[in-house]
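In order, the protein sequence lines correspond to chains A and B. Okay, so the first sequence: first residue is 1 according to the numbering used here, each after it adds one. Okay, so the second sequence: first residue is 1 according to the numbering used here, each after it adds one.
Treat the hints with care, as some may be off.
Which bits of chain A does chain B cover? Going by a derived footprint, with three or more residues having C-beta under 8 Å, they are [to be verified]:
id, segment
1, 151 to 164
2, 167 to 179
3, 185 to 195
Calculated directly from the structure, the hints in this document are not laboratory data. A virtual CB, placed ideally from N, CA and C, is assigned to each residue, including glycine.
Number of protein chains: 2
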Amino acid sequence: MTAVSGTPTFKRLPRAVREQQMLDSAVRVFSRRGFHAASMDEIAEDAGISKPMVYAYLGTKEELFVACLEREGTRLMEAIAAEVVGADTPDQQLWRGLRAFFTFVGAYRDGWAVLYRQARGQQPFAGASAEMRERMVEVVAMMLGRALAAEGREVRDTDLEVVAYALVGASESLADWLADHPEADPEKTATRMMNVAWLGAGQLLRGETWTP
Amino acid sequence: MTAVSGTPTFKRLPRAVREQQMLDSAVRVFSRRGFHAASMDEIAEDAGISKPMVYAYLGTKEELFVACLEREGTRLMEAIAAEVVGADTPDQQLWRGLRAFFTFVGAYRDGWAVLYRQARGQQPFAGASAEMRERMVEVVAMMLGRALAAEGREVRDTDLEVVAYALVGASESLADWLADHPEADPEKTATRMMNVAWLGAGQLLRGETWTP
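All chains should be built: construct the whole structure from the sequences, respecting the hints.
Shown next as C-alpha cells:
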C-alpha cells in the first residue's frame, strides 16, 4: 500500500466506491464462511485494506452483516422492479418478477443461503430481514391490488396482504430449494412457481373462491 | 419435596410423565421469554423441580429447546394427520390439513413465534427445524402424488417436491402473519390459504399449466 506519485492510489478512491468494495468482500466472505466463522481479518484481507479501516467505514461485524443484507436486498428489489415495470398484464408482471427473483437467487446461491437463511431467525438480524420481507409483501400486494382495480374489482387490504404473504413465503421456500440444488435451473424453477402461484392467484383475480 | 408415606409423591411420577411436565414448562418459558432470555432457573421453577433435575433429564438449555421443537413439531404433524386421514378427496385433504395447521398455530401463537421463527435460521437449531420442514414437505408431496395417481396421472418427483415446498413455504409465511395478528381468525386464515393454494394446485392436478 505504498503510494507512488502520479499513479491512482488506494487512498484516492471516493468513499462510496471504497464502501462498495468492502461490502463486495464482506458478502464474499460471509457467503463462504457463514456469519459466525467469518472474521473481520479475512474481510479486510479480501478487500486489500486494514482491519481498522473496515471498522471505521462500516462498523462492527454485526453492522457489516446488516449492511450486506440491506445492499443485497435492495439489489434484489431493483432487479425485480426493473423486470416488472415493462409488463402490461398481471400474469406477465408476476412471471417477470418471479423470473428476476429466481435468476438472482440462482446467480448467488451461496449468498442466499448465508445472507437470507441465516438472517431470518437470528438476532440481531431478524429485524433487517423482516423489514425487507415487509417491503416485498407490500410490493406484491400493491401489484395485486392494481390488477384487481384494473378489472373494476375491489378487495379488502387484508385479503391482498394475506395472498402476498403466501406468495412471498412460497417463493422464499422455493429459493431455499434452489439454493440447495446447484443442478436446478432458475428459469425452470420460476416457471414451476408461476404454475403454483398464478393458476391460484389467477382464479382469485377472476373472483372465484373455494369453499369447504 | 418431602415424601409423605402413603401419598403420591413427586418422586413417584414415571419418568415419561415427568419429562412431559418439564417440556410443558420449557415451552411456556421459551414462549414467554425467547430462547436467549429464558433461564434454566425459571424453567425449573415453573416445573416445580430443581435445576440439576432438569439438566439430568433433558440436558442443556440448547438440548431442551431442541426437545421442545421436536415435541411441538410432532404434535403439529399428528394434529394434521388426524384430520387428513378422514378426507376422501384431495381438496378435502388439503383443506383439513390447512385448517388443522392454522388452528394449531392460532392456539399457540406465542409458541409459534418463538419456537419456529427463532429456530429457523439459528444455529444450533436450524438442523432440527429443517428436518421438521422436510418431513412436512414429504407428506404434502406424497398426498399430491396420491391424488395424481388416483386420476391415473404421473408427475416427476421433483415437480411434486417443488409444489410441496411452495405450499409449505406459503403456509409458514401465513402462520407468521397469523402469529402477529391476535385478532385474526385461524379458520378464516386457513380458508384464505386454501384459496391461494387449491385454486392453484387444483388446476395443476387437472393437468393445466401456465406458459410465459
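- Task: Output the numbers, in ascending order, of every earlier hint that fails for this structure.
- Result: Violated hints: none; all satisfied.
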